[in-house]
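**Q** Position one of the sequence shown corresponds to residue 697 (the working numbering), numbered consecutively onward.
Accuracy of the hints is not assured; some may be wrong.
Claimed, not checked - As a list, the in silico DSS-like pairs of lysine-lysine whose alpha-carbon atoms are at most 30 Å apart:
1) K758 / K770
2) K752 / K711
3) K717 / K765
4) K771 / K758
5) K719 / K770
6) K770 / K711
7) K765 / K711
8) K752 / K719
9) K752 / K765
Stated by the list, open to error - Across the chosen pairs, the derived CB separations fall in these ranges:
10) K752 / A730: 15 to 23 Å
11) M774 / Q704: 37 to 45 Å
12) M775 / I753: 30 to 38 Å
In case anyone wonders, no lab produced these hints; they're calculated from the structure. It should be emphasised that the depicted structure is a prediction, and the values quoted were computed from it without experimental measurement. C-beta: ideal position from N, C-alpha, C; glycine also.
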Amino acid sequence: MKQEMDIQAWLEFTKENILVKSKAKEILGMSESAFTQAVSTQRLVPVIELGEGNRKIRLYLKSDVLRYKEAVEKKRSMMGMKK
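Generate the whole structure from the sequences, applying the supplied hints.
**A** So, in structure tokens, the structure goes:
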């Protein structure tokens with residue numbers, strides 16, 4: 697019974713806090729190339745990375761994505777730029 701509750705809690709946490717690339721890009725309002733650059737320069741780091749080569753599956757923490765979005769928006773506002 698406890699294990700079932702732990703699994704259920706984990707599933708709920710995952711649904712609320714783990715994002716696939718498309719959802720992370722949507723939240724950030726980024727193009728594919730901008731998102732890829734953010735990941736390759738480690739400004740945005742996946743919490744889970746599975747597979748190899750071009751077929752890697754990367755998952756992102758929602759809090760990391762929102763933190764990165766805030767940093768990008770702050771930088772844009774400091775530079776006087778609008779999205």
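**Q** Confirm or reject each hint.
**A** So, going through the hints one by one against the coordinates:
no. : hint                    : result
1   : K758 / K770             : holds (18 Å)
2   : K752 / K711             : holds (20 Å)
3   : K717 / K765             : holds (14 Å)
4   : K771 / K758             : holds (20 Å)
5   : K719 / K770             : holds (21 Å)
6   : K770 / K711             : holds (28 Å)
7   : K765 / K711             : holds (20 Å)
8   : K752 / K719             : holds (16 Å)
9   : K752 / K765             : holds (23 Å)
10  : K752 / A730: 15 to 23 Å : holds (18 Å)
11  : M774 / Q704: 37 to 45 Å : holds (43 Å)
12  : M775 / I753: 30 to 38 Å : holds (34 Å)
Consistency with the previously given hints is maintained throughout, with no hint failing.
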